[in-house]
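Heads up: the protein sequence lines correspond to chains A and B, in order.
First residue of the first sequence: 7, per our numbering; consecutive thereafter.
First residue of the second sequence: 3, per our numbering; consecutive thereafter.
Errors might be hidden in some of the hints.
Said to hold, decoys possible - Some residues of chain A that are not near chain B, with every Cβ distance over 10 Å (derived): (1) Arg72; (2) Ile75; (3) Arg139; (4) Gly182; (5) Phe215; (6) Asn237.
Claimed, not checked - If you want a taste of the chain B side facing chain A, the calculated C-beta under 8 Å gives, among others: (7) Val28; (8) Leu145; (9) Pro146; (10) Val263; (11) Gln266; (12) Ile281; (13) Val292; (14) Thr293.
Treat the hints as calculated values from the structure; they're not laboratory data.
Built from N, CA and C at the ideal position, the CB exists for glycine as well.
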Amino acid sequence: MFFMAGLTLASPTAEPPPLGSAGRALYVSPARETWWRFRRHRLAVLGLAILILMMLAVALGPLVWRVPINDIDFNAQLSGPTWAHPLGTDDLGQDVLARMLYGGRISLAVGLAAMLVAVVVGTIVGALAGMSRGAIDTALMWLTDLFLSLPQLPLLLLLIYLFRDPLKQLVGPELGVFLLIVVVIGGFRWMQVARLVRAQFLSLREKEFVEAARALGATKWRQVVRHILPNSLGPVIVAGTVDVAAAIIAESTLSFLGLGFPPDIPTWGRILYDAKDYLDIAPHWALVAGAAIFLAVLSINFVGDGLRDALDPRKVM
Amino acid sequence: MSRYLLRRLLIAVPSLLGISLVLYTVLALAPGDPFGELATNPNVPPEVAAALRTKFGLDDPVWLRYLHWLVAMLHGDWGFSFVSRVDVDQLIWQRLPVTLFVIGASQVLALSIALPVGVISATRPYSVFDQIANTLAFIGFSLPTFFTGILFILVFSITLHWLPFVFRADLAESGWRWYWEEFRQAAMPVAVLGLFQGASWTRYVRSAVLDVIRLDYVTTARAKGISEFAVVTKHVVRNALIPVVTLVALQMPAVFGGAIVTEQIFRIPGIGALLISSILANDTPVVMAVTFVFACLVILFNLIADVLYGWLDPRIAYR
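Chain A extracted, bound-state conformation:
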C-alpha cells in the first residue's frame, strides 16, 4: 500500500463505510469520517488527549489547587518538590504549581487567540486574492510575500517595545499586553493561511459545482461562503493547528526575552525567564516550565499531523 501511495489517486473514502445492524451502509458525516481517519494516527490521538488534559488542568486546576500565585514565603525559597509545593517553589518562595496553572491559561489563550487572528486575516486576504483576478490579486500576494520576508522576531520586539506602555494605560496592563501580543503574533502568521486559501480558491472557483451555483444565479458572496470556503477549509485547519503551537512558542520567546508579559503575570515563558538564573540551585523550576511548553507544542504538532492525514482526501489510510 505504501509503495503505491505516490501513484494511486485514491477515492476519499478508502475505508469501507460501516454497516448498520441490518447490513445497510449508514450515512457518515464528514466530521465522523475525519475522526475515524484521525484515530489511526496513534501519536495524534495521544497528543489530543494530553492537550485536553492540559486545558482541563489550567481551566479547573486553580479551583482545586487554591494556593495563591503571589504568596511569598521566604522560609521555602527555591525548595524542590515537597507535599506542600508539589512542583517546588521559586526564588521568592512562591508556589510553582499555582503559577504554572495560572500561566498555562495565558499561554494557551494567547496561542488560540493569535491563531484565530492569523486564520481570519489569512482567510480574508487569501479569499480576496483568490476571487479577484488582476491588480488586487497581485498586490495582495506582493504584500504576503513582503510579510514573509520581514524579520519577524525583531519586528515583534520592536512593536511591543513601542506600543506596550500606551496600550497599558489605555486598557490596563494585563488586557493591554494580551491584546498587543495576540494581535502582533497573529499579524505575523497569516501569510501561510492566505497562500493556502488563495491556492484553494484558484482551483475551486473553476470547479463544476461552483459553476453550477453561478449558473443558478448565486451571488459572489454566496458562492464564496456556501460553496468555495467550506471546501477549502481542510488545509486551513491544519495550518491553524500548527499556528497555535507557533504562537505559544512566540509568546514564550517574548516572555523569555523579558519583553512579553510583565513579571507579575507568570506565563510559562516568563517562569522560564525568571528560572534561568537559578539553574544550578533549582533546576526543577526551569524544567517544569520548559517541559510544559514543550509538551503543549509537541502535542499540538502531532494533532496537526494527524489532521493533515485525516483531512487529505488523496491520502489512503
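Using the hints provided, position chain B relative to the given structure of chain A.
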C-alpha cells in the same frame, strides 16, 4: 548568469523599500518621541532641544522624514547610538561577524543532519529508521530554542562541566588553543540552532524526496543499471532539493529569530543581543538599524536561494 543575478537584485530592491517603509511606519505610528528623553531632561535647555529637533527634522511631515532617513541610510549614515555614544554602523560591524559565524555554522550542521537523514528516511519509508527519525524530528522542532539552550547548559555546563556557557569574543588563547576554545564555546549555541533547523528540514527533505523517488525518470535511471547511490544522489536529491530550497528560504526569518534567542541565552555578543539590549535601553537608532540589518540579511538569503535554484534547475537560470 550575471544577467539573472542582476534581475534578481533588481527584484530585491522593492522588497527592501517595502520593508524599510513598514519599519518606518511602525516607528512613525508609535506614540512617544525618540528624543523624548532629551525634552524631559532638565539639563538640556529647551532651545537646544528645539534646535536638535530641527536639525534632525523631527517636525517635518512623515514622508519627508522617511525620505531623509532612507537617503541617510543609503549614504551609510546610520545615526548615533544614544547609549554607547558610538556610530551605529560601527557598533553593528563589530557585532555582525559573531552572529554570522553562529548562524552559518548552525546552518551547516542543520544541513548535514537533514540531508542524509531525510534522504535515508525517504528511500525506506515507514521503516524503523524512518519512524525513529520522524519522531525525533517532531521532538526537535517542538523543543523551543530557549528551552534546548537551558537544557544544554544544565547538562553540559552545570552537571558535566564540559563546556563554558558564556561566549567570549576576546579569547586570551592563541594558535590551536584558540580554535579549541572557540569550538568549545560555540558548540552549544550552534548545536541548539542547528538541531532545531535540522529537525524541520529533515521533514522537508523527506517529503520532497518521497515526491520525486517514485517518478518515472528515476525508474528509468535504475533500469539503465546506474547504482542506487548514484540514482539517489544525482537524480533524486538534486530535483528534490528545489522545493526544499524554497522552504529553507522561507524559514530564514525564523532562523534569525532563533539566533536572537540563542545569543541571549549564551550571552553571545552578536547583533541579536545588541537588539535586545538596545530595546531595553530605549536606544531607538540602534533598534531601527539592527532590525533593518536583519531584513537585509533575510533578503540576501532569499537571493542566495534564487541563485541556488538556478544551479539546481538549469531550466530556471539564465533566462
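Going through the numbered hints above, which ones does this structure break? Give me the numbers in ascending order. Violated hints: none at all, because every hint is consistent with the structure.
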